Amino acid sequence: MTAQQTGVTFETRDRDYEGHLLEIDDLHVEFRTPYGIVNAVNGISYTLDPGETLAILGESGSGKSVSAQAIMGIIDSPPGFVTKGSIRYKGRDLLKLPESERRKVRGREISMIFQDALTALNPVFTVGFQIGEMFRVHRGMSKRDAKQKAIELMDRVRIPSAKDRVNDYPHQFSGGMRQRVMIAMALSLDPDILIADEPTTALDVTVQAQIMELLDDLQSETGMGLILITHDLGVVADVSDRLAVMYAGEIVETGDVYEIYGNPAHPYTEGLMASIPRIDQKGEELNPIKGAPPNLMRIPPGCPFHPRCPYARKRCVEEIPPLYEVDANRRSACHFWHEVISAERPTHG
Amino acid sequence: MTDRRGTAPEPGSSPFEEGIELPGLEEPEEESRGRGPSLSGPDSSGAGAQVTAAAGDAPIQQASLWGDAWRQLRRNPFFIMPVVLLLVFTVMAVAPQLFTSGDPYDCNLTNNIVDGQLLIRGPSDGHPFGFDVQGCDYFTRVIYGARVSLSIGLMTVFFAAVIAVTLGALSGFYGGWLDGVVARVADIVFAIPLTLGGIIVLNTLGERSLWKVSLALLLFIWPTTMRLMRSSVLSVKEMDYVAAARALGGSDWRIIRRHILPNGMAPVIVYSTITVGIIIATEATLSFLGVGLQLPAVSWGLMISGAQFRILEYPHLLFFPASFLVLLVFSFILLGDALRDALDPRLR
Chain A
6 MTAQQTGVTF ETRDRDYEGH LLEIDDLHVE FRTPYGIVNA VNGISYTLDP
56 GETLAILGES GSGKSVSAQA IMGIIDSPPG FVTKGSIRYK GRDLLKLPES
106 ERRKVRGREI SMIFQDALTA LNPVFTVGFQ IGEMFRVHRG MSKRDAKQKA
156 IELMDRVRIP SAKDRVNDYP HQFSGGMRQR VMIAMALSLD PDILIADEPT
206 TALDVTVQAQ IMELLDDLQS ETGMGLILIT HDLGVVADVS DRLAVMYAGE
256 IVETGDVYEI YGNPAHPYTE GLMASIPRID QKGEELNPIK GAPPNLMRIP
306 PGCPFHPRCP YARKRCVEEI PPLYEVDANR RSACHFWHEV ISAERPTHG
Chain F
10 MTDRRGTAPE PGSSPFEEGI ELPGLEEPEE ESRGRGPSLS GPDSSGAGAQ
60 VTAAAGDAPI QQASLWGDAW RQLRRNPFFI MPVVLLLVFT VMAVAPQLFT
110 SGDPYDCNLT NNIVDGQLLI RGPSDGHPFG FDVQGCDYFT RVIYGARVSL
160 SIGLMTVFFA AVIAVTLGAL SGFYGGWLDG VVARVADIVF AIPLTLGGII
210 VLNTLGERSL WKVSLALLLF IWPTTMRLMR SSVLSVKEMD YVAAARALGG
260 SDWRIIRRHI LPNGMAPVIV YSTITVGIII ATEATLSFLG VGLQLPAVSW
310 GLMISGAQFR ILEYPHLLFF PASFLVLLVF SFILLGDALR DALDPRLR
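Line by line, the protein sequences give chains A and F. Mind the numbering: the first sequence is residues 6 to 354 in the numbering used here, read in order. Mind the numbering: the second sequence is residues 10 to 357 in the numbering used here, read in order.
Note that these hints are calculated values from the structure, not bench results. It should be emphasised that the depicted structure is a prediction, and the values quoted were computed from it without experimental measurement. Check each hint, because a few of them may be wrong.
[Unchecked claim] Facing chain A, according to a computed beta carbon distance under 7 Å, are these residues of chain F, among others:
(1) D249
(2) A252
(3) A253
(4) R255
(5) A256
(6) G258
(7) W262
(8) I264
(9) H268
(10) L270
(11) P271
(12) N272
For every residue, glycine included, the Cβ atom is placed at its ideal position computed from N, Cα and C.
Kindly generate the complete structure, drawing on both the sequences and the hints.
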């Protein structure tokens with residue numbers, strides 16, 4: 006597909022490609038620092054289809070944001086390098102495209118929103134100007150038309166009285182409204198995929214729910230694929246179709262959100278579920294996962310989770326677990342997933 | 010400001026920093042952050058008006074870096090004063106005829122003959138600043154001297170800023186070998202004192218015009234501004250909005266123009282304003298030392314130079330050009346300080 010054709014898909018989005026919308030295969034990302042090589046992403050694979058929401062869950066440093074940046078191609082290089090694997094968007098390997106072609110994919114085909122919308126907006130321009138710039142640059146619209154489009158988009162992401170607020174600066178908006186502005190910018194060119202990197206982490210609980218609802222609605226309207234990166238289990242449950250749990254740069258469990266929540270098949274997921282504070286647990290101690298995540302310069306041999314794992318035994322130290330097939334659409338990277346999935350545990354709320 | 014995600018949790022802590030969500034802590038969705046006037050009063054135009062979308066009639070106070078700076082500046086006497094002075098000096102430089110009907114080159118030694126003796130006449134009727142050694146009207150010459158000082162100051166700093174911003178933005182943004190080369194060259198030039206460098210360069214040039222003096226000073230002042238710009242770019246480059254612009258398909262050129270420059274220029278503007286004063290003083294120094302402008306140019310530095318062996322006898326030869334020089338330099342430094350206070354939100 007040439008760049009010109011790509012531009013036209015704004016009006017008539019083509020769905021006639023074969024296979025998945027996005028297909029990540031054995032992606033490796035490393036950061037070469039003066040202190041050693043940080044293995045941030047170690048061979049993750051997943052797919053995304055139109056209209057699907059994939060949640061990537063993991064704690065800080067698990068590689069979830071880095072893998073998203075690798076898809077966007079915005080990893081600072083050096084020190085960051087994609088060393089292996091492929092990122093196929095509609096069959097094209099993005100990693101093999103020259104930078105100029107890659108840039109055309111960003112914003113138009115795959116777009117991204119960030120955690121902290123205040124710092125992700127330029128403080129010296131009005132939000133209307135910043136949204137409008139997407140249209141001026143990519144669609145060659147006049148200033149006046151672009152502003153009109155900006156107001157339309159602000160309405161679409163439900164910013165109240167968009168017309169009056171189009172000339173306001175980012176810091177005049179509340180956190181939730183800023184995130185809406187960011188979403189408006191990200192969706193301005195009608196991308197096929199939206200990557201949301203912790204879109205609600207910086208927001209209040211009620212606002213979190215509103216933003217998630219907005220993303221959900223916009224997804225139904227546009228049929229885009231959504232990759233939702235989060236460390237918040239609560240955010241994931243309602244909107245996601247599929248869940249991928251990451252640990253130390255690897256996907257340790259994937260599957261249907263409710264199945265995983267109901268019955269984890271990996272000790273790490275199990276630990277995460279157990280560590281959520283629950284209302285009926287008042288006065289009791291919380292159950293954190295013991296120990297700390299591994300240093301990504303020295304990932305433990307075998308299963309990276311074994312030093313913290315209650316199920317660990319000799320095999321876990323010696324042998325890297327593959328992604329075992331638990332059932333048709335469920336995978337777990339644990340040698341002893343049978344034990345984990347059949348373990349007795351209190352039910353989660 | 011909102012919490013940022015840490016790099017890694019503390020050992021032993023819960024892996025999810027924000028896993029616990031307590032209900033009942035929510036704040037109103039629209040939280041005002043405007044820096045507008047007080048919220049009291051029914052028709053307050055500040056942030057209060059933005060809260061309710063329905064109250065759309067009230068004019069909303071715009072707030073931006075430059076907008077806020079301007080609001081602060083126009084109330085600041087230390088901004089008003091230098092601006093007024095600089096306006097006067099600018100008019101003096103552009104149209105000296107408005108201040109004096111005399112000709113700076115209309116000199117007549119007979120003006121200095123008092124009681125049959127050749128002296129240097131001090132201030133007198135019709136000649137408020139007196140005469141110089143050649144019998145020229147000193148007021149006229151001092152007025153005409155503003156043009157040289159102001160044009161050397163502004164011209165030098167303008168070109169230095171252009172060089173500094175270009176090199177600083179490019180080397181800060183791209184880094185790598187370009188940054189290495191630019192930074193080393195700047196370090197070497199930076200090590201040469203401005204006056205010394207100026208003396209050496211100007212000594213090797215034969216005839217020294219305004220352009221050449223300006224060029225000589227330009228050679229030695231760009232590194233400081235460049236380093237300022239570069240460090241400013243380095244900090245702006247790491248901002249999330251640069252990453253966001255990239256993720257939305259912005260080109261390098263657009264990111265530099267829209268994000269890096271507008272957010273990184275403030276320190277350069279402040280420093281450059283102060284530098285104009287420094288350059289004007291340095292030009293006067295070089296002219297005084299005899300390596301700056303040459304007669305018959307009309308310059309305050311040359312006038313002070315001409316006064317140097319007669320200061321005790323004829324103090325007016327030093328006093329008038331030196332006062333104007335000090336006032337002009339002082340104005341630029343004051344203006345720079347006011348700009349710095351206004352553009353750095355932390356000093357508000």
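Going through the hints against the structure:
1. D249: This interface hint holds because 4 Å falls under the 7 Å limit.
2. A252: holds, 6 Å
3. A253: holds, 4 Å
4. R255: holds, 5 Å
5. A256: This hint holds: A256 of chain F lies near chain A, its Cβ roughly 4 Å from the closest one there, short of 7 Å.
6. G258: holds, 3 Å
7. W262: violated, 11 Å
8. I264: violated, 10 Å
9. H268: holds, 5 Å
10. L270: With a minimum Cβ separation of about 10 Å from chain A (threshold 7 Å), the hint on L270 of chain F is violated.
11. P271: holds, 5 Å
12. N272: holds, 6 Å
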